[in-house]
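Enquirer: Residues per chain, in single letters:
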Amino acid sequence: MSASTAVRKPRQRVGDRVFSNLTRLAGLAILVALAAVAIFLTLQGLPAFSAPSDKLGGAANLATYVLPLVFGTLLAAVLALLIATPLALGVALVISHYAPPRLARPLGYLVDLLAAVPSVVYGLWGLAFVSVRLTPAYAWLEQHLGWIPLFGGPASTTGRTILTASIVLAIMVMPIITAITREIFLQTPTLNEEAALALGATRWEMIRLAVLPYARSGIVSAVMLGLGRALGETMAVAMVLSASGVVTFDLISNTNPSTIAANIALKFPDSTGVAVNALVASGLVLFVITFVVNFAARWVVARSERTQA
Amino acid sequence: MNRTSTRRVAVPAVAALALGLSLSACGAGNESSSSDQTNAAASSGATLSGTLNGAGSSAQEAAQGAWTAGFQSANSGVTVNYDPSGSGAGVEQFLAGAVSFAGSDAYLDDTQLASSKKVCGGKTAIEAPSYISPIALVYKLDGVKNLQLSPATAAKIFDGTITTWDDPAIKAENKGASLPSTTITPVHRSDDSGTTKNVTDYLHQTAPKDWPAQAGETWPFKSGEGANGTSGVIQAVTNGTGTIGYADASQAGKLGVAAIKVGSSYVAPTADAAAKAADVSKKVAGRGPTDMAMNVNRTTTQAGAYPLVLVSYVIACPTYKDAKTADLVKGYLSYVVSSDGQAAAGKAAGSAPLSGSLSSSASSAVKQISVR
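Protein chains in written order, with numbering that gives the first Met the number 0: chain A, 0 to 308; chain B, 0 to 371.
Excised from the complex, chain A in its bound form (with noise of 0.2 Å):
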């Protein structure tokens, strides 16, 4: 309190420098923090180049352990991400500028709310009860598209496949992309959604040449958000996905790929020497593939945001 009545007392100089420099001690242990992951995934995955095949799974290589999981945790975040995208962008337009104010404010509580329930409790939700209702989905799927690869089957009967996985991680990642998108919605300039207004345009067109142009960026950031969490999720796909690690476009089978970081988690309380080195190196490539992501995003970013200007 007495900070702000004090502000110009040439002692308070003293406290600027402090807090100068703890918030630069803030922004290094970031840095450190990050280093030493890098570097501990580094020197941990080493070994695994030369791991024997029986300590990877049965893999010849690193490279063919490492690369089924990179194809399913791909597959998996894109999945849930062509889920949530749509929806959560739907979500967040009703909340900033369909609902009535009185409706709109409890609506982003309730969304907001889906980001706090841990992801275990999604994990035993999709086991329980979202795998066991899709059954029947998947077997009709099978019988009348099963001529897209996509939908091939056997169609499992436990309903514990990568769509599955999927479908549940749009759950967990839709509130992220909600919150984000929302709060961009909202700051689109007013003159503009009234030039849009006063020119004729419905409310939908008003939307599509004032708001979603102004949004775009914030939209893409939002979405590489949600793609981070889907990457990462581990417990709730550990959970539900039936894991086989096998590389293959069919959605609705009981053999799916793996996801990096749902197998870290399901081998790793059994695993000994190389073989924690393997999962360690599995873990690298996920953290590059998160870093170049975040980087895409940013580069996505800063192109259409000079574009615009």
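If you are wondering where the hints come from, they were derived from the structure by calculation, not from laboratory data.
Because the structure is a prediction, the values reported are computed rather than measured.
Among the hints, a few may not be true.
[As the list claims (entries may be wrong)] Here are some of the chain B residues that sit facing chain A, going by a computed Cβ distance under 7 Å: (1) G87; (2) E91; (3) S177; (4) S180; (5) T184; (6) K221; (7) E224; (8) G225; (9) A235; (10) T240; (11) S249.
Ideal placement from N, C-alpha and C gives every residue a C-beta, glycine not left out.
Following the hints, complete the assembly by docking chain B onto the known chain A.
Expert: The following block gives chain B in isolation, referenced to the frame of chain A:
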């Protein structure tokens, strides 16, 4: 004036709090429980007075809980900590001297046995069977009770060669049962597990033609459905239709349990049948009298024996540096292999009590524990 200054502090404080809460909420689910357990085991020393630390097999977890409770109620002032971090991790910690005893689903291999000399003061470790449990082939198939399977048929089901329940091979072994044409979904453990090792060992030894893959903790095929842990397998088998999996018999619940062919008859997984299988198993050759490592006789034709059984050991040193630890380990392990301890484990975990002869030779092995 006062109001504004309060607000100035309050708004960022609330914001920071909200951020912190949401961040911790995001992170909470990803923490693996195993890291806490490793820390707990590593931070508590091995020679605390009145405290005995062990680690290892998660299959023994429920039994160890019962033994801990029984031993502590008989000896107030003693605390036994058992960390179910997995057999591999438990043995590693034991060999590093971090814990006084280990529980393991597999006996020590020759290299591990040799390196146990380092921590045990020149002598190799004592291994005594402590937990024998039948592994059941559990299935869910409406209208079919008392399924009977020969090892060859089971192998073909689990490797995906037999795909429907009305396959002639299954029909031939279950005369009179109305088998539907439902697709079979074999469920296996997606995590590494001693249970998987016993099942693959059983199938490899009893049906080598149909199951050429060697025994291992990792499931050898990419087909079939994977599920995390015993509870995951049970959940997957229960939720599906036409599913079959394997799990500790005590966990089967309401699921159907298959009887497996031994000799010319079919045997269901019961505690008695499992104990019988352990009785006809041979000790590993070339090991001392206190090392009771045994190779389960999977191919036995003994009537009423159930050879698909998990034999889990307690592993300890024959000598300890300080008398307190030696007494604690000796006391605890004596209780574990005694008929009281075995009965307590049977009640808590549904395991098969050691037979009289096994129990007495295990008792005389752990009685050797002394101070050096």
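Enquirer: Indicate, hint by hint, whether the structure satisfies it.
Expert: Here is how each hint holds up against the structure:
no.: 1; hint: G87; in the structure: holds (4 Å)
no.: 2; hint: E91; in the structure: holds (6 Å)
no.: 3; hint: S177; in the structure: violated (19 Å)
no.: 4; hint: S180; in the structure: violated (13 Å)
no.: 5; hint: T184; in the structure: holds (5 Å)
no.: 6; hint: K221; in the structure: holds (5 Å)
no.: 7; hint: E224; in the structure: holds (4 Å)
no.: 8; hint: G225; in the structure: holds (5 Å)
no.: 9; hint: A235; in the structure: holds (5 Å)
no.: 10; hint: T240; in the structure: holds (5 Å)
no.: 11; hint: S249; in the structure: violated (20 Å)
Hints 3, 4, 11 from the earlier list are contradicted by this structure; the remaining hints agree with it.
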